[in-house]
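Trainee: One-letter residues, chain by chain:
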Amino acid sequence: MKLVPSLDRSLALPAFGLVVYGLIVLYSAGQTDVVTQAQGVWYHQFIWVGLGLVAAWATFHVSPRILEWIAPAVYVFSLVLLGVTLVVGTGAGTAESSHSWLAIGGHRLGQPSELAKVATVLMLARHLSSRREPPRSLLDLTVSGLIVGLPFLLVMKQPDLGSAIVFIGIFFAMMFWCGVRPRLLFLIASPGLSLLLAFSTVTWGGWIIAVTVVLALWRPYFWEGVAIWMANAVMGAVALPLWKRLKPYQQDRLLTFLNPEVDPQKAGYHALQSKVAIGSGGWFGTGYTQGPQKRLAFLPEQHTDFVFSVVGEELGFIGVMVALALFFALFLGLLRVARRAADPFSSLVVFGIAGLFFTHVFENVGMTVNVMPITGIPLPFFSYGGSFFLICSICLGLAFRVSNDSRLSGYADA
Amino acid sequence: MNGFDSYQLQRRSTAAQAVLALAFLLLAGAFFRVQVVEHDKYQLKAETNRLRPVSIEAPRGAILDYTGKVIAENVPGYSVKLIAYSLDSLRAVLGRMQRVVPLDSGDLKVIGGRYLQARYQPAVVFGDADFATVSRLEEHRAVLPGMVIQSEPKRLYPAGKAVAHLVGYVSEVTEDDLDKNRYPGAELGTTVGKAGLEREYDDTLRGADGVHYIEVNARGRLVREQATTAALAPTPGHTLRTTIDIDLQKYIDSIWPAGVRGAMVAMTPTGEVRALYSAPTYDPNIFVGGIDADTWRDLNTDSAKPLLDRAIIGRYPPASPFKLATAAMALRRGLISFDTHMPIPCRGGIQLGNRYFRCWKKEGHGSLDLVGAIAASCDVYFYQLGLRLGLDAILQDGVLMGFRDRSGIDLPSEQSPVYPASTAYFDQRYGPRNWSAPAVTLNFSIGQGENTQTLINMIKFYRALAGNGETSDPYLVRPDPKAKTFDLGLTEAQLLGLRTALTAVAERGTASAIIGATPGSKTRVLQIAGKTGTAQNPHGKDHRWFIAMAPADKPVLIVGGIMENVGLHDPTVVRNVYLALRRYVLGPDSSGTATKVQITIPEDSAPTSVEMGDSAGTRP
Chain A
1 MKLVPSLDRS
11 LALPAFGLVV
21 YGLIVLYSAG
31 QTDVVTQAQG
41 VWYHQFIWVG
51 LGLVAAWATF
61 HVSPRILEWI
71 APAVYVFSLV
81 LLGVTLVVGT
91 GAGTAESSHS
101 WLAIGGHRLG
111 QPSELAKVAT
121 VLMLARHLSS
131 RREPPRSLLD
141 LTVSGLIVGL
151 PFLLVMKQPD
161 LGSAIVFIGI
171 FFAMMFWCGV
181 RPRLLFLIAS
191 PGLSLLLAFS
201 TVTWGGWIIA
211 VTVVLALWRP
221 YFWEGVAIWM
231 ANAVMGAVAL
241 PLWKRLKPYQ
251 QDRLLTFLNP
261 EVDPQKAGYH
271 ALQSKVAIGS
281 GGWFGTGYTQ
291 GPQKRLAFLP
301 EQHTDFVFSV
311 VGEELGFIGV
321 MVALALFFAL
331 FLGLLRVARR
341 AADPFSSLVV
351 FGIAGLFFTH
361 VFENVGMTVN
371 VMPITGIPLP
381 FFSYGGSFFL
391 ICSICLGLAF
401 RVSNDSRLSG
411 YADA
Chain B
1001 MNGFDSYQLQ
1011 RRSTAAQAVL
1021 ALAFLLLAGA
1031 FFRVQVVEHD
1041 KYQLKAETNR
1051 LRPVSIEAPR
1061 GAILDYTGKV
1071 IAENVPGYSV
1081 KLIAYSLDSL
1091 RAVLGRMQRV
1101 VPLDSGDLKV
1111 IGGRYLQARY
1121 QPAVVFGDAD
1131 FATVSRLEEH
1141 RAVLPGMVIQ
1151 SEPKRLYPAG
1161 KAVAHLVGYV
1171 SEVTEDDLDK
1181 NRYPGAELGT
1191 TVGKAGLERE
1201 YDDTLRGADG
1211 VHYIEVNARG
1221 RLVREQATTA
1231 ALAPTPGHTL
1241 RTTIDIDLQK
1251 YIDSIWPAGV
1261 RGAMVAMTPT
1271 GEVRALYSAP
1281 TYDPNIFVGG
1291 IDADTWRDLN
1301 TDSAKPLLDR
1311 AIIGRYPPAS
1321 PFKLATAAMA
1331 LRRGLISFDT
1341 HMPIPCRGGI
1351 QLGNRYFRCW
1361 KKEGHGSLDL
1371 VGAIAASCDV
1381 YFYQLGLRLG
1391 LDAILQDGVL
1401 MGFRDRSGID
1411 LPSEQSPVYP
1421 ASTAYFDQRY
1431 GPRNWSAPAV
1441 TLNFSIGQGE
1451 NTQTLINMIK
1461 FYRALAGNGE
1471 TSDPYLVRPD
1481 PKAKTFDLGL
1491 TEAQLLGLRT
1501 ALTAVAERGT
1511 ASAIIGATPG
1521 SKTRVLQIAG
1531 KTGTAQNPHG
1541 KDHRWFIAMA
1551 PADKPVLIVG
1561 GIMENVGLHD
1571 PTVVRNVYLA
1581 LRRYVLGPDS
1591 SGTATKVQIT
1601 IPEDSAPTSV
1611 EMGDSAGTRP
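Protein sequences appear in the order of chains A and B. 1 is the number of the first residue of the first sequence in the numbering used here; add one for each residue after it. 1001 is the number of the first residue of the second sequence in the numbering used here; add one for each residue after it.
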């Protein structure tokens, strides 16, 4: 066994590029004229990158068979950690008041939700790959739903909406990849959309008619159709009480997503300042480490949730396009690995990882330009944070292993 | 598991690639919109985030007197301002400031108010800080984040209270001023002229404020004083050369009796105002850098109304000085000449219908000609002259002589005098049957009745007498090219005659004076021509007038004064007008100590006191 294995270059190049780019940007995020938490974190991140390399190397040397075998144990362990976190967890960053961190003696160890994401990917891949057929009905989806639903609910309880959304992303990605028909996915998603559209009676009325028509055309099992239709109706009905149960800051975030200038000093502050920083960057940016909005601390959380705004401000549209191109290349690489994987479990795991990364990237990058509402969710390889970087490294190690396995099995050129 | 054959995977992979491409296109589009399309908008927001404009006050133009001496100038001063990102942080810093320099809760409220008016501009804490305050604050700069100390030109009026009503004062422009666009080009925080010359010539004096930018961080703390953005240098205001004689102005202030309200104006026969004084006065320097609320309230609630410029706003019955107008009307209409006697000699009054109109002198003056009547200010003579003119002529000629119009002096807020244009006024006011034309005529002929004039307007009339019978708007800086000139319509001889009569007032009559210097000092004698007057005041003691010109043969200065509520016998106004004339005409050496003036009498007449007033008899 070689110490430095020959790696899948279509995956390795973007991954390497992103890690280096991330470190460069994180260093700049700490260059401020004001004392901020971000100063000096790039140095710590170096340690995490080192540890991440070790973790990726270790994962690379674990056979997917072993992972498949220990998946239930990891899954249960992560659920237990989530449960413990709910009791003794602490908050951080944009979600100071939540319970998402495990800490011992004031020293934060990490966010169990990060581990739970990978554990869920593994568990779901194991479950789906053990089936003869892809799920074809709601009933078929019950177990999958439970596997994702349990950690989802525990994370929602923290509350950490951002991480919870990642579970939904993983679920839909893996369902799609294992062959669940898109129309069924649409029907599963429909109650959620119904909830979102319930802000106005007219749009919701139009939606429920559309759902009825679709159900009539596609003709699923009768009871399934009734259940989906009922779910849509119930969601429309509970939207208002549910909205009222949201914490004021959650309501504010959703409202300011729709219009950040409603309250520029308070709730809309993050969204607006991020856009100001990015917009002032223009084509080529204000220059590396020179961004005034960052330097003068107008940009909030510039080393974690809003690290991408630093890219926008200092390196401009060009810098943003380079970062997005690297992410895009990484996703294409992961997709290729998933397609050529030697077995369904490996394929599903890699595609689940891609779904995990994609949700993070789209949500995080999207929220910096107000395409997505603000949730405290880190950007892979850019945001400062130990546990998340380790998880990302493990995921990459896994993908490299699957890639290598498929090449060795001769599948790759099929 | 089924469904993982390469054909199906290929299809799903293509679909996934399409979703991926769509998502990234969406993101790229969003960044394109924010960074490229809307770049300018966010660039501006970024700049307003971090750059705070601080205006650099332009030095106001100096105000000089007619010889070039300073009336208003600028001296170096300091302003202290605070940049804060919230009211709470402002209060916190002010709290720390309080331990270093005195600031009471009232000040804090005012500063908070200023901050709320313009959050993105530094709030003024001290508009005019002394050096001690500034150096103490500098020492504690470390605990006073957001503090900006600027060196700013500060207005100084060296003559202080002597020039208050003349120059007015400066102060920060108010929101109301801005709403009504009273000061074009001014912005919040600009210092503007609020009264007097500062107000009238504000656009000349003000100049344009400059601006420089300071860079602040997200907590509103100062990062760099001089950011890279170019600053705009202030444009200083223009110097204003006036017609004022500052020495005369100060002299008038120095001899004004304490506690007396009134005004005094000095003007050349060409209409140049040499002095304009109103009492009680105030020190215009207290407005510099922001007047404190208590002082402002005191100035406004003081029953003596020190802010009022009595020379142009105070309206008084013109009384006996108006008799010259009556005489001028009769002369120009050819009704009388200087040696005309009236049919009824003065025996202390005159019977008109069932009413008796008295002369101010109970014993009567006997039969007088016009010169004698002016000298003695004989009411009975002017009653008859008025009846000969008729009310319509008095009203018509009065309007022609400018008694219905403002003098037009280049100062803000001059009051219009009250003078009816025709008898319709009385019909309207009292009803056609409720007034009697002869009674009103009698009143008008001696300057009483429905006729009130400002001091400046009366002097404008006397200017015509002092020269060739023409007069126009008086001015402090430059004549108004659109000003109306009017002519009394008198011949040279008639004007000379009237001046002789006025000389007689001073020599034998009511101001009987060749008012000489105190014995021992230079005894140059100045002959003056003038007219006293007593304006009846139903609410208290009478007001005293004196308007005079000197030298009598060829006047170079006209001085008029009015003192309120000093009573019939007070000589002060005559004395002060005389002193002002003497100082101007003969020079400062002649005025001596000015406290005690002995009034001597010409060689041919017995000593009489100056306490000879005149009253208008009974009111109708």
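Worth flagging that the hints you see were computed from the coordinates, not collected in a lab. On a predicted model such as this, the values are computed, not experimentally measured, just so you know. Idealized CB from N, CA, C, for every residue including glycine. Please note: incorrect hints may appear among the correct ones.
[Claimed, not checked] Some chain B residues near chain A, calculated using beta-carbon distances under 8 Å: (1) 1007; (2) 1026; (3) 1030; (4) 1500.
Trainee: With reference to the structure, classify each hint as holding or not holding.
Mentor: Hint check results:
no., hint, verdict
1, 1007, "violated, 11 Å"
2, 1026, "holds, 7 Å"
3, 1030, "holds, 4 Å"
4, 1500, "violated, 81 Å"
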